[in-house]
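Residue numbers (numbering that gives the first Met the number 0), protein chains in the order written: chain A, 0 to 230; chain B, 0 to 230.
Be a bit skeptical, because a hint or two may be false.
Remember, identical chains collapse to one label, so a pair may be satisfied in a single copy or spanning two.
[Claimed, not checked] Below are the DSS-like pairs computed for lysine-lysine, each with C-alpha atoms no more than 25 angstroms apart in a straight line:
#1 K42 <-> K100
#2 K167 <-> K100
#3 K167 <-> K226
#4 K167 <-> K198
#5 K226 <-> K198
Hint data in this document are derived by calculation from the structure and do not stem from the laboratory. Given the structure is predicted, the values throughout are model-derived calculations rather than measurements.
2 protein chains.
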Amino acid sequence: MAQVRVVLCRPSHPGNIGSAARAMKSMGFTDLRLVAPEKFPAKEAEWMATNAGDVLERTTIHATLEEAIADCTAAYALSARPREWSPQVLDVRTAALDAAKQPGPVAFVFGNEQSGLTNEEVMACQFLVHIPASADFSSLNLSHAVQVVAYELLMAGHPQVPKGLEQKLATSADREGLYAHLNEAAIRSGFLVPETGSKLPERLRRLFSRVPLLEREEVNILRGLLKALLK
Amino acid sequence: MAQVRVVLCRPSHPGNIGSAARAMKSMGFTDLRLVAPEKFPAKEAEWMATNAGDVLERTTIHATLEEAIADCTAAYALSARPREWSPQVLDVRTAALDAAKQPGPVAFVFGNEQSGLTNEEVMACQFLVHIPASADFSSLNLSHAVQVVAYELLMAGHPQVPKGLEQKLATSADREGLYAHLNEAAIRSGFLVPETGSKLPERLRRLFSRVPLLEREEVNILRGLLKALLK
Numbered sequence: 000m001a002q003v004r005v006v007l008c009r010p011s012h013p014g015n016i017g018s019a020a021r022a023m024k025s026m027g028f029t030d031l032r033l034v035a036p037e038k039f040p041a042k043e044a045e046w047m048a049t050n051a052g053d054v055l056e057r058t059t060i061h062a063t064l065e066e067a068i069a070d071c072t073a074a075y076a077l078s079a080r081p082r083e084w085s086p087q088v089l090d091v092r093t094a095a096l097d098a099a100k101q102p103g104p105v106a107f108v109f110g111n112e113q114s115g116l117t118n119e120e121v122m123a124c125q126f127l128v129h130i131p132a133s134a135d136f137s138s139l140n141l142s143h144a145v146q147v148v149a150y151e152l153l154m155a156g157h158p159q160v161p162k163g164l165e166q167k168l169a170t171s172a173d174r175e176g177l178y179a180h181l182n183e184a185a186i187r188s189g190f191l192v193p194e195t196g197s198k199l200p201e202r203l204r205r206l207f208s209r210v211p212l213l214e215r216e217e218v219n220i221l222r223g224l225l226k227a228l229l230k
Numbered sequence: 000m001a002q003v004r005v006v007l008c009r010p011s012h013p014g015n016i017g018s019a020a021r022a023m024k025s026m027g028f029t030d031l032r033l034v035a036p037e038k039f040p041a042k043e044a045e046w047m048a049t050n051a052g053d054v055l056e057r058t059t060i061h062a063t064l065e066e067a068i069a070d071c072t073a074a075y076a077l078s079a080r081p082r083e084w085s086p087q088v089l090d091v092r093t094a095a096l097d098a099a100k101q102p103g104p105v106a107f108v109f110g111n112e113q114s115g116l117t118n119e120e121v122m123a124c125q126f127l128v129h130i131p132a133s134a135d136f137s138s139l140n141l142s143h144a145v146q147v148v149a150y151e152l153l154m155a156g157h158p159q160v161p162k163g164l165e166q167k168l169a170t171s172a173d174r175e176g177l178y179a180h181l182n183e184a185a186i187r188s189g190f191l192v193p194e195t196g197s198k199l200p201e202r203l204r205r206l207f208s209r210v211p212l213l214e215r216e217e218v219n220i221l222r223g224l225l226k227a228l229l230k
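Required output: the full structure, derived from the provided sequences and hints.
Following this line, the structure appears as structure tokens:
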């Protein structure tokens with residue numbers, strides 16, 4: 000089983016942070032990361048965490064999602080609604096099975112209680128994950144969504160991962176470097192005219208986020224080629 | 000799918016009743032029954048239910064579990080701990096699949112937040128159901144347990160199939176065109192010196208062959224970028 004991080008982006012209610020910590024711990028996960036929480040630490044979080052106070056004590060706070068997932072080799076964005084432009088879409092069971100096969104750390108990323116994730120946050124991840132739900136009322140409470148994800152991750156089990164592959168995998172930071180380089184190449188070659196609403200950056204991101212177990216060396220090869228072409 | 004009733008025995012916190020109602024509704028279930036609740040109706044229940052107020056309005060109150068499940072042909076008792084004497088033990092996924100096959104109404108029965116179900120309540124059911132959880136800390140919040148059960152019931156009734164992908168996939172010829180173009184770009188930019196035994200062409204081929212369901216349009220985007228860069 001890959002190491003699992005749960006990332007909550009801009010949570011409004013500290014009680015939900017505590018409930019999420021408890022939900023995680025009940026399934027054996029303890030690495031909780033918060034991006035710009037409205038209020039944390041907070042008494043309400045401690046109350047709702049019950050015996051998962053140790054998870055809250057180790058919870059880290061980050062300014063941006065990019066920072067929170069920088070060390071992850073795969074990031075899964077939860078969303079109740081489809082997006083016009085998004086990474087590959089998986090249901091939560093498939094996503095958990097996929098995550099269980101990842102040799103490096105993975106992040107499951109949840110949005111704000113009211114507004115969810117921004118499109119930028121979704122595009123920083125490689126997968127868009129939905130929890131199958133009623134068509135009439137698909138709104139799960141934040142910590143309940145964390146519970147279902149953590150449960151499916153536990154159910155997905157503990158498969159063996161090829162040893163030594165973890166060090167070789169591209170991290171989110173490596174991927175962002177590639178996307179920035181592709182963008183630069185597209186603009187400097189005239190293939191992309193900035194500020195025309197082109198979906199080229201999203202299309203490229205979507206393409207490379209589908210490569211399973213993308214390696215750092217592969218990112219470096221592509222960037223080397225781009226560098227040579229730009230000379 | 001059988002009709003599903005959720006039965007909460009002696010719940011202490013009305014907030015949990017509201018959260019359970021929301022959890023049920025998010026998965027398409029609306030029949031909530033309470034056995035001797037400490038406090039209901041209650042404002043806290045309404046707050047936590049958010050848009051599942053209609054479930055609360057229809058919630059029925061019963062003096063005993065026997066009364067609450069009298070019309071059910073199968074009853075599943077949730078328990079975090081094993082019992083010396085119990086009905087057949089199932090994990091929640093198996094229980095949901097079993098329930099989905101029942102022709103009559105089924106009940107999923109949850110105990111009090113602190114003490115769980117009594118042995119008598121367990122023995123009034125035909126199955127004992129456990130939610131797989133961490134060995135160190137297996138205590139789910141009541142409404143979170145309802146969420147996992149409701150989620151598994153939805154999954155059992157409507158197995159999710161990966162969304163039909165109606166895309167124009169790249170053919171082998173499209174892929175070969177891309178590889179040839181990449182090679183040309185690598186040679187003309189000086190990144191690849193021919194006949195030096197470089198593994199670059201194989202590396203690039205290996206990378207792009209791992210993209211599942213590569214689309215023709217994506218190949219065209221990459222080739223458009225290469226063409227612009229080579230100008």
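Hints versus structure:
{"no.": "1", "hint": "K42 <-> K100", "result": "neither (37 angstroms within a copy, 45 angstroms between copies)"}
{"no.": "2", "hint": "K167 <-> K100", "result": "within (15 angstroms within a copy, 28 angstroms between copies)"}
{"no.": "3", "hint": "K167 <-> K226", "result": "within (22 angstroms within a copy, 31 angstroms between copies)"}
{"no.": "4", "hint": "K167 <-> K198", "result": "between (30 angstroms within a copy, 18 angstroms between copies)"}
{"no.": "5", "hint": "K226 <-> K198", "result": "both (23 angstroms within a copy, 18 angstroms between copies)"}
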